[in-house]
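Student: Please arrange chain U on chain G, whose structure you already have, making use of the hints.
Residue numbers (numbering that gives the first Met the number 0), protein chains in the order written: chain G, 0 to 178; chain U, 0 to 255.
Because the hints were derived from the structure by calculation, they are not lab data. Source: prediction; values computed, not measured. Yeah, the Cβ is synthetic: ideal placement off N, Cα and C, and Gly gets one too. Worth double-checking, as some hints may not be accurate.
[Claimed, not checked] What follows is a list of derived Cβ distance ranges for each label pair:
| no. | chain 1 | residue 1 | chain 2 | residue 2 | range |
| --- | --- | --- | --- | --- | --- |
| 1 | U | Thr65 | G | Ser25 | 52 to 62 angstroms |
| 2 | G | Ala137 | U | Tyr124 | 28 to 38 angstroms |
| 3 | G | Ile16 | U | Arg201 | 25 to 35 angstroms |
| 4 | G | Ala80 | U | Phe50 | 56 to 66 angstroms |
| 5 | G | Ala137 | U | Val63 | 54 to 64 angstroms |
| 6 | G | Ile4 | U | Cys71 | 53 to 63 angstroms |
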Amino acid sequence: MNLAIVIVIAAALALGIILRLAVTQSLQAKRSTNLVGAIRPIDVEAFRNLINPAEDEYLRCRLPANRFREVRRQRLRAMAAYVHVAGSNAAVLVRVGEAALASGDARIAGAAQQLVNDALLLRRNTTVALARIYLALAWPNSGFAAVRVIERYEQVSGTAMLLGRLQNPAVPVRLSARL
Amino acid sequence: MLQPHSLLWHYLWIGPHILQVALAVFLWRRGMHKRFPVFFAYLIFEAIEEFTLYGMDLLPWVSVRTWWLTFCVGLVPEGFIRIGVIAELSFHLLRSRSAVAKAGSLLITGTGAILVLLAAVAAAYAPIDNPQYALASRAYILQQTLYMIECGLILFLFLFTACFKLSWDRTTLGIGLGRGISSSVHLATWAVIANGGLANRRYLLDFLNVATYHLCVLIWFYYLLVPQKIATTSAVSLPENNLDIWNRELERLLHQ
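Next comes chain G alone, as it looks inside the complex (with noise of 0.2 angstroms):
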């Protein structure tokens, strides 16, 4: 009877997890207005200088062994917060993306499912460096690497900036001026 009792337990958890995904689900698709406004803009510059490795190096010739743990550490938690801001705007990038999808012009969905894919790929390989982060903390001395991230990220953007020209062509684009 034991093994029936956690039989069900496990199932009430299941349908909870069940009912509310669905329910999350039903109303993102009547919610998917002002979406855009979801994106957090993310400092990639002050994201590449704590994954650089020789950042790391350095601190660990200049500093105490512990010190260099404990620095190590801050530094894979503010990571961590970096990341997990890139995943939520690929989340967002991917829902913007399908709402596009819908659309009549032939562009508008080409620029939509590569969007789509794009912030995918995105999301999983944020979802892996997640985890490495965590496995990093850890273990401090360990190496990382999470230069992907930020590749897929300047990839997701410009796919979301060629999405957004096709949508509105009439509204000036200015991708940028130096360009």
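Tutor: Chain U only, in chain G's frame:
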């Protein structure tokens, strides 16, 4: 009222299956059976199976052993079809998302393998106390096993899509929600029955099972047949200056 062979008992056993035949007819007429062939097959198979079992339950010359044997025989293809419905849902969720399709398929397969292992362990620990009812006990354990795998897979699908913020289309969400509710409630009730719980009030669990299934059929009716309100998507509702804000944010991101 909550007694075996009461009017409510008859209705809850047979009513949902009449409704699901009607649903299958509607799906056929709307051509939706081509998009969801496995779910369509599930509706038909489940209805035929339950009509057969209901008829056999009413016929006095059908022995208890024959009834349970038919129940067990029907469970095997039904289990495969139910897993097939989940495969169909995952196909619809992943086919246009090439970036996560491979990872998703691998994770679903891995989750399925772990669930089969867990279900086998749970089945091994379930008792078959009375040899006289061994066939019924095996049927209970088989149900517990199948629902454990199904419930786990559907839960995984919901968690996976939530993690990647993938959107479900209305039909897929309806089917997934219905199967999710059905499999989790049935898992709990069959686990209690298979492990010898509520021996004197087992019919209450039967009522819970059939009432839950009735609810699920109504959910399918709502999601599959009631037309979706056309939501205003961001693709058409972006105010003119929104794109500017968007670009400014991303430009800042790219050039900082």
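Student: If a hint holds in the structure, say so; if it doesn't, say that too.
Tutor: Taking the hints in turn, this is what the structure says about them:
1. Distance hint check: the CB atoms of threonine 65 of chain U and serine 25 of chain G are about 45 angstroms apart, inconsistent with the given range 52 to 62 angstroms.
2. For alanine 137 of chain G paired with tyrosine 124 of chain U, a C-beta distance near 35 angstroms keeps the hint of 28 to 38 angstroms intact.
3. Between isoleucine 16 of chain G and arginine 201 of chain U the beta carbons are some 28 angstroms apart, a value that agrees with the proposed interval 25 to 35 angstroms.
4. Taking the beta carbon of each, alanine 80 of chain G and phenylalanine 50 of chain U are about 59 angstroms apart, inside 56 to 66 angstroms as hinted.
5. One distance hint, 54 to 64 angstroms for the beta-carbon pair alanine 137 of chain G and valine 63 of chain U, holds here, with the actual separation near 58 angstroms.
6. In this structure the hint that isoleucine 4 of chain G and cysteine 71 of chain U lie 53 to 63 angstroms apart at CB is violated, the actual value being about 26 angstroms.
Of the numbered hints given earlier, the model fails hints 1, 6; all others are met.
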